[in-house]
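Visitor: Note that my numbering has the sequence shown beginning at 58, numbered continuously upward.
The set of hints was computed from the structure by calculation and includes no laboratory data. Quick caveat: nothing in here was measured; it's all calculated off a predicted structure. Ideal Cβ positions, reconstructed from N, Cα and C, are used throughout, including at glycine. Keep in mind that a hint or two might mislead.
[To be verified] Cross-link-like lysine-lysine pairs, in silico, DSS-like; alpha carbons within 27 Å at most:
id, residue 1, residue 2
1, Lys318, Lys363
2, Lys271, Lys391
3, Lys226, Lys145
4, Lys147, Lys91
[Claimed, not checked] So the derived label-pair ranges between C-beta atoms look like this:
id, residue 1, residue 2, range
5, Gln196, Asn234, 31 to 39 Å
6, Val265, Gln414, 16 to 24 Å
7, Tyr148, Tyr317, 47 to 55 Å
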Amino acid sequence: MLDLEVVPERSLGNEQWEFALGMPLAQAISILQKHCRIIKNVQVLYSEQTPLSHDLILNLTQDGIKLLFDATSQRLKVIEVYDLSKVKLKYCGVHFNSQAIAPTIEQIDQSFGATHPGVYNAAEQLFHLNFRGLSFSFQLDSWNEAPKYEPNFALGLASLQIPHGAMVKRMHIYTGNNLQETRAPAMPLACFLGNIYAECVDVLRDRVGPLGLKVHLLTAGCGPGVMGDAKVRSLERSIFFGDSCQDVLGALGSPHKVFYKSEDKMKIHSPSPHKQVPSKCNDYFFNYFTLGVDILFDSTSHLVKKFVLHTNYPGHYNFNIYHRCDFRIPLLIKKEGADSQTEDCILTTYNKWDQIQELLGHPVEKPVVLHRSSSANNTNPFGSTFCFGLQRMIFEVRTLWSVWVQRVWTLCAALKELLAEGLGKRPPLTTSSRRTAYNSIRWQRNV
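Start from the sequences, fold in the hints, and give me the full structure.
Guide: See the structure below:
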């Protein structure tokens, strides 16, 4: 049986691990995986049709605990203990719930002190006793005597006679004073663990297509000369097609992993006659898991030629490998009935595929069906995905109707011609000259 410390408005945990409000989903799952011999039988609950309308839940069935993550930010919003008989709980080092101590209303009052009058929910037959960042729920229909509720007792307060020894049914830890209005807080400093995170990612575009990314970074740093004054710092870094490995490392730091492509399964769809020529070396990715971004480099020139943005929706084969990339793609859309007038529009991580088609138009070609499995003998329980190409971007979606985009590739179509002219064999160019060469090739393609 787990023995956990309750910290109102902050966390639930012990000396080995802690579930902290604002913690990213991936970190919570990492804790569960690391302590799988102690914490068993974990369920992942989510809505497949409306994933943004319902919280994503990790249900620890053996321990009677639910971790509720905000559907948009995927950070821990509420910690719920729904079966207090399966876990020991203490506050400030003193138990208020264990095999020897029952969590009665008298025990709660003794452990946590006085608070505002409780709230009675007649529809659910629940009595809620609220503290800041912490609430206890008592089930009225389990009492032997029917409680007497007086809505207008005195001084504008209601009265509810609670029997002696009433037991806690559920406990919630959250931020603020109201459980119904609580939101996931910002990520705590303790959760950064030396990593950088992306607050959002802007796709830089011109009238032709994508140019690169502007990444709004968050990191936990210290002030100059003061090690104890750690705080969250905001940074902006831009990466463009044609940037070198050194440019990317200088902007984002070292990747979490470098992945070399063993083969290019999409090469067969290329119209180039060179697609059958075997490559002497392999392209490679910089994987930035906490940013939700992959960056593909050409094996010959070592220049950026592709960005991959991950939305991390539940049900995708790569779910929980990457943090959600909160991207924004600016578009210029022609107004109906006006030849020259345009309006600005932003595509985000939270747009459905049918909404994207309304803005960008329906793809001319049929989608490429993508099958994934860990090996040839294994099957993917989530099924295949479909890849659509629009305006030098590839959108990977799960089904063909009103779906959520799983990943977005932004492609540098001109870079192949740039490399074909021998740029990869020349001495290294400066960032400005490389972008100038890239832009000139792209302009020639569209003249």
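Visitor: Would you mind marking each hint as holding or not holding in the structure?
Guide: Okay, the hints, checked on the actual structure:
Distance hint between Lys318 and Lys363 is fulfilled; the C-alpha atoms sit about 13 Å from each other, no more than 27 Å. With a CA separation close to 25 Å, the supplied pair Lys271 and Lys391 stays within the 27 Å bound. Restraint check for Lys226 and Lys145: satisfied, since their Cα atoms lie roughly 14 Å apart, inside the 27 Å limit. In summary, the hint linking Lys147 to Lys91 is supported, as the alpha carbons are separated by about 23 Å, within the 27 Å threshold.
Judged by the Cβ atoms, the range 31 to 39 Å given for Gln196 and Asn234 is violated: they are separated by roughly 23 Å. In this structure, Val265 and Gln414 meet the distance hint of 16 to 24 Å, their C-beta atoms being roughly 20 Å apart. The hint said 47 to 55 Å for the Cβ distance between Tyr148 and Tyr317, and at roughly 51 Å that hint holds.
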